[in-house]
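Chains as they are written, first to last, in my numbering: chain A, 20 to 133; chain B, 21 to 134.
Some clues are possibly wrong.
[As the list claims (entries may be wrong)] So, partial list: chain A residues that the calculated Cβ filter (under 7 angstroms) puts toward chain B:
1. GLY62
2. SER65
3. THR125
[Claimed, not checked] Straight-line C-alpha distance at most 27 angstroms; calculated DSS-like pairs for lysine-lysine:
4. LYS44/B x LYS61/A
5. LYS88/B x LYS98/B
6. LYS88/B x LYS44/B
7. LYS98/B x LYS61/A
8. LYS61/A x LYS88/B
9. LYS44/B x LYS98/B
Treat the hints as calculated values from the structure; they're not laboratory data.
Quick reminder that beta carbons are idealized off the backbone N, C-alpha and C, glycines included.
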Amino acid sequence: KQEVTQIPAALSVPEGENLVLNCSFTDSAIYNLQWFRQDPGKGLTSLLLIQSSQREQTSGRLNASLDKSSGRSTLYIAASQPGDSATYLCAVSPNTGTASKLTFGTGTRLQVTL
Amino acid sequence: DAGVIQSPRHEVTEMGQEVTLRCKPISGHNSLFWYRQTMMRGLELLIYFNNNVPIDDSGMPEDRFSAKMPNASFSTLKIQPSEPRDSAVYFCASSLGGPRFEAFFGQGTRLTVV
Chain A
20 KQEVTQIPAA
30 LSVPEGENLV
40 LNCSFTDSAI
50 YNLQWFRQDP
60 GKGLTSLLLI
70 QSSQREQTSG
80 RLNASLDKSS
90 GRSTLYIAAS
100 QPGDSATYLC
110 AVSPNTGTAS
120 KLTFGTGTRL
130 QVTL
Chain B
21 DAGVIQSPRH
31 EVTEMGQEVT
41 LRCKPISGHN
51 SLFWYRQTMM
61 RGLELLIYFN
71 NNVPIDDSGM
81 PEDRFSAKMP
91 NASFSTLKIQ
101 PSEPRDSAVY
111 FCASSLGGPR
121 FEAFFGQGTR
131 LTVV
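Next comes chain A alone, as it looks inside the complex (with noise of 0.2 angstroms):
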């Protein structure tokens, strides 16, 4: 059974700081990762998707690395902002079946301060 852990739990810094987030995978047998982004009481909101081919995608000021074979992804966000504040959830879909069945890492809780 997959399982993805995603560390830390949480996480304040100062604006302006670079920061890495972390998630873990127990099986390598993925299709694509996903980072999702969700503020207090709101859904989900889908920040980047990498295939199983790739090793990183970027959108802005995020970057998402991938390293399936280690069964790891970093989110990188650059220059941090207020506005980032928020829970970044990272997910795998299997290397099976027809849709995206997506398992969910618990989170990491970012607070940035100005």
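With chain A fixed as given, assemble chain B onto it according to the hints.
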């Protein structure tokens, strides 16, 4: 497109009552997912549909839960009878199908069973 639309946003009901949650996926998406989020267990997949057909319902906790997708633009998740331990946020998500495509989530329904 308005995105994935869920209703109601909040539901408070008494134990033993029937609860119906509704979801309208993004037009053109042929895969639909129901997830449940709790503090203890995080986000868990309950069931997913592909082309309106239930593919995997192994995450449905027990017979009190049922889900239907009568057409491509509507799905329901029903709990009968409801219990306090069913209190959670229920998310619906849709995608174009196939693991290459990212999942888009609705805002969720916060269910409280008293």
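Going down the list of hints, with the structure as the test:
1. Hint status for GLY62/A relative to chain B: holds, with the closest Cβ pair at about 4 angstroms, below 7 angstroms.
2. Taking 7 angstroms as the C-beta contact cut-off toward chain B, the hint placing SER65/A at the interface holds, the least distance being around 5 angstroms.
3. Residue-level restraint check for THR125/A holds (minimum Cβ-Cβ distance to chain B is 5 angstroms; threshold 7 angstroms).
4. Taken as a hint, the LYS44/B and LYS61/A pair is honoured in the structure, with Cα atoms around 17 angstroms apart against an allowance of 27 angstroms.
5. Of the supplied pair hints, the one linking LYS88/B and LYS98/B holds, its CA atoms being roughly 8 angstroms apart against a limit of 27 angstroms.
6. Annotation: proposed proximity of LYS88/B to LYS44/B holds, straight-line Cα distance about 12 angstroms (limit 27 angstroms).
7. The straight-line distance between the Cα atoms of LYS98/B and LYS61/A is roughly 22 angstroms, inside the 27 angstroms bound, and the hint therefore holds.
8. At roughly 24 angstroms between alpha-carbon atoms, LYS61/A and LYS88/B fall within 27 angstroms of each other, so this suggested pair holds.
9. Restraint check for LYS44/B and LYS98/B: the C-alpha separation of about 15 angstroms stays at or below 27 angstroms, so the hint holds.
Hint check: no violations occur; every hint is consistent with the structure.
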